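Below are the chains, spelled out letter by letter.
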Amino acid sequence: MWEPLMQAMGMLSEPMNLLVLAVGAVSGLILGALPGLFLAGLTIGMTFTFGWDAETAMFLMAGMMGAATEGGSVPAILLNIPGEAPNAATCFDGHPMARRGEAGRAVGLAAASSFLGAVVGMCFLMILIPFVKIIVLSFGPPEFFMLVVFGLLTVAYAARGNMLKGLVSAGIGVLLSLIGFSPVHGVLRFNFGSDNYLWDGIPLVPFFIGLFAIAELVNHVLRGDTIAEGGQRLKVGLFGAFRGFLEVFHYKTTLVRSSAIGILAGIIPGIGGVLANFLSYSMAVQFSKNPEKFGTGTAEGIIASEASNDAKDGGALLPTIIFGIPGSAGMAVLLGAFILHGLQPGFFFVREHMDIVFVLIFGFVISNFLASLMAAFGADILARVTTLRVGYVVPAAFLLSVGGAYAARENVWDIGIAIAAGVMGFAFNRFGFSLVTLVIGFLLGVRAELSFVQSLQISAGSYAIFFTRPVTIVLMLLSILLLCLPWLTSRKAKASS
Amino acid sequence: MKGSTLLGVILVFTSLLFFGWSFSYGGMAGFVPLVLSFPTVALAILCLAGERYPRIMSAFEVSLEDVLTSAAGAEGSIPGEEVQTGPKAGEMGLITRMFLWFFLFGLLVFITGFYISTLVFALAFTRLQGGIGWPGAVFITALALGFFYFIFEETLAVDLFAGVIFGAFIPPL
Chain A
1 MWEPLMQAMG MLSEPMNLLV LAVGAVSGLI LGALPGLFLA GLTIGMTFTF
51 GWDAETAMFL MAGMMGAATE GGSVPAILLN IPGEAPNAAT CFDGHPMARR
101 GEAGRAVGLA AASSFLGAVV GMCFLMILIP FVKIIVLSFG PPEFFMLVVF
151 GLLTVAYAAR GNMLKGLVSA GIGVLLSLIG FSPVHGVLRF NFGSDNYLWD
201 GIPLVPFFIG LFAIAELVNH VLRGDTIAEG GQRLKVGLFG AFRGFLEVFH
251 YKTTLVRSSA IGILAGIIPG IGGVLANFLS YSMAVQFSKN PEKFGTGTAE
301 GIIASEASND AKDGGALLPT IIFGIPGSAG MAVLLGAFIL HGLQPGFFFV
351 REHMDIVFVL IFGFVISNFL ASLMAAFGAD ILARVTTLRV GYVVPAAFLL
401 SVGGAYAARE NVWDIGIAIA AGVMGFAFNR FGFSLVTLVI GFLLGVRAEL
451 SFVQSLQISA GSYAIFFTRP VTIVLMLLSI LLLCLPWLTS RKAKASS
Chain B
1 MKGSTLLGVI LVFTSLLFFG WSFSYGGMAG FVPLVLSFPT VALAILCLAG
51 ERYPRIMSAF EVSLEDVLTS AAGAEGSIPG EEVQTGPKAG EMGLITRMFL
101 WFFLFGLLVF ITGFYISTLV FALAFTRLQG GIGWPGAVFI TALALGFFYF
151 IFEETLAVDL FAGVIFGAFI PPL
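Protein chains in written order, with my numbering: chain A, 1 to 497; chain B, 1 to 173.
If we strip away everything but chain A, and leave its shape as in the complex, we get (with noise of 0.2 Å):
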């Protein structure tokens, strides 16, 4: 446990790393303050580590990822815009802050809400990864197994949207995996007449490009002029910035559980930030003394918001660190980049790159340290940059996403998947097919199937080893559990009314 620890520390010494993460962490906190362009900012990101060692390319990632919810915080607060959906809740409180002239107020009491939100969450991160190691290494195959399916059903249910198309979404990224040679069988499956493109299956960058940074473009043009069309914009005065700083620590209690509903969410894939943040605001006026007050400009509406939102983070890398689900979509572009760099998530993971673990807990911190300062400083600047033209961010946005796409493996294929991926992506998202669900399929798809086989290699073909093991059991059940849910909720619906 030391000895990575200080390896990590070591790494961030380095002023090359450091210099990626504050890099990450200033375009996190961009990006995240531009609705919708997140994701897409932070698939490119991820093309730009291909050839990086994979603890600078750690940084970039916890940098980016750390300061998106901060950055996302400041135009809900001065425009009620939230950057990102899980800063939802953050509008009901600090807009009408900001609009009763403490607009400094609530940037510093959401900048500090977020840093100390990120701090309880990777608290807890570090404490609980050494008993998550003994569940881990009880895990066999037949239960990886079983866990791949409990956490697609679990995803498909959890995200937004219709069950069934979270489903059909789960079941094609899974299909989709199977493309290329198998390692496993010996066998090149599904390659459409493709012998050497396809061989190692669909090339991962260029198909999240597509999925997440050219279907959003589109988007985006779809929806008008400038990334986001806010009200009146406000002015931030940097004393009501550090008195609002200050003010979170009156708050202790509300940081506090609000922290924890954000682990706790984060923890579940699929739930992640939108509901963390939404069942935080909640919990914070059901216990609040003065719950009139929510709503109206409250301190304790806005740390209720982003300190959950933030913790969020150290729940959600549990699973993908440890058992390689990711519950989020950001969760899976950061899996995708484990895999761009070689790290296999899992048992392994935990066992020799713990040093890469302690890399993600330091680079989030630390991003979201940066985040919140400049947050504070900067905020009328950021509140600016959400009213660029798209006519100047989507070409630029596009050429920098088909860039990244060509820049991992230098084939000019790679363009066509890309927008391909594109036309699937905004396809998916415009009716109602969940991307994240899709996304997790597809990255989980081959290791079900090999943890399928190595199953069926344990017990000589039999098929009664799912049954047998009690995890295997539990997760079974769970999930039949899960598939069940539409229609115990339909029969609950009806018995009601």
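Watch out, some of these pointers could steer you wrong.
[As the list claims (entries may be wrong)] A few chain B residues that don't get close to chain A, going by computed Cβ distances all over 10 Å:
1) M1
2) R52
3) I116
4) W134
5) V138
6) E154
7) F166
8) G167
[Said to hold, decoys possible] Here are some chain B residues pointing at chain A (derived, C-beta under 10 Å):
9) S4
10) I10
11) L11
12) S15
13) G27
14) P39
15) M98
16) F152
17) L156
These are computed hints drawn from the structure, not numbers from a lab.
In this text the structure is predicted, and so the values were computed from the model without any measurement.
The C-beta atom is built at its ideal place from N, Cα and C for all residues, glycine as well.
Add chain B to chain A, keeping to what the hints say.
This is chain B only, laid out in the frame that chain A set:
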């Protein structure tokens, strides 16, 4: 045909393709995709049927997030967030045009390489599609070209595709 129906048909066809193709691989190499594609086909057909019979879709309108957010007292949609629906009137043309721009850029890269295509695309897109004036269009173009040269070629040592007309190597498919 509605866009959502068309997507439903494509998804059924895709999953059926994988299902049928699975039979051509022996042993576990075919069995696993068969097992995986069968429920996907069934669910995709159900989804397609839901286009015709909305009651099927409404039976699956359950989301843990929606359930818990409404329990948390958050009514309505997130401020500033657009609820995704099918294309509105007139949007289809814009969507087609956007993807046509992207496709033409890809084609141009293949023929002329990154630099010429970036120059043509950035100028044409910002002027014609983005409605930006000449100074802005030139600025974006110069920025993109500079980025390709200094970041991709110089810093990341990426060998940018030169285009088939300039004799660039085309990787085999």
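Taking the closest pair, is the beta carbon of M1(B) still more than 10 Å from chain A? 13 Å, holds
> Once the closest CB in chain A is found, is it more than 10 Å from E154(B)?
Replying inline: 13 Å, holds
According to the definition I'm using, a residue is off the interface if its beta carbon is farther than 10 Å from all beta carbons of the partner; does W134(B) meet that for chain A?
13 Å, holds
Non-interface claim for R52(B) versus chain A (Cβ beyond 10 Å): Since the minimum Cβ distance to chain A is about 14 Å, R52(B) lies beyond 10 Å and the statement holds.
Regarding the hint that S4(B) lies at the interface with chain A, is the smallest CB-CB distance below 10 Å? Holds, because the Cβ-Cβ distance from S4(B) to chain A comes to roughly 4 Å (cut-off 10 Å).
Distal placement of I116(B) relative to chain A, Cβ over 10 Å: 13 Å, holds
**Prompt:** With d taken as the least Cβ-Cβ distance between F166(B) and chain A, does d exceed 10 Å?
**Reply:** 13 Å, holds
Check: With d taken as the least Cβ-Cβ distance between G167(B) and chain A, does d exceed 10 Å?
Finding: Holds, because the least Cβ-Cβ distance between G167(B) and chain A comes to about 13 Å, which exceeds 10 Å.
TODO: Closer than 10 Å between Cβ atoms is the bar; does G27(B) clear it against chain A? Give me holds or violated.
DONE: 7 Å, holds
**Study point:** Closest C-beta approach of F152(B) to chain A relative to 10 Å, hint status
**Key:** For F152(B), the interface hint holds, since the closest Cβ of chain A sits about 6 Å away, which is under 10 Å.
Next item on the list: Report holds if the minimum CB distance from V138(B) to chain A is greater than 10 Å, and violated otherwise.
Entry: 12 Å, holds
P39(B) was flagged as interface toward chain A. Is the shortest Cβ-Cβ separation under 10 Å?
6 Å, holds
Of the hints listed earlier, there is not a single one the structure fails to meet.
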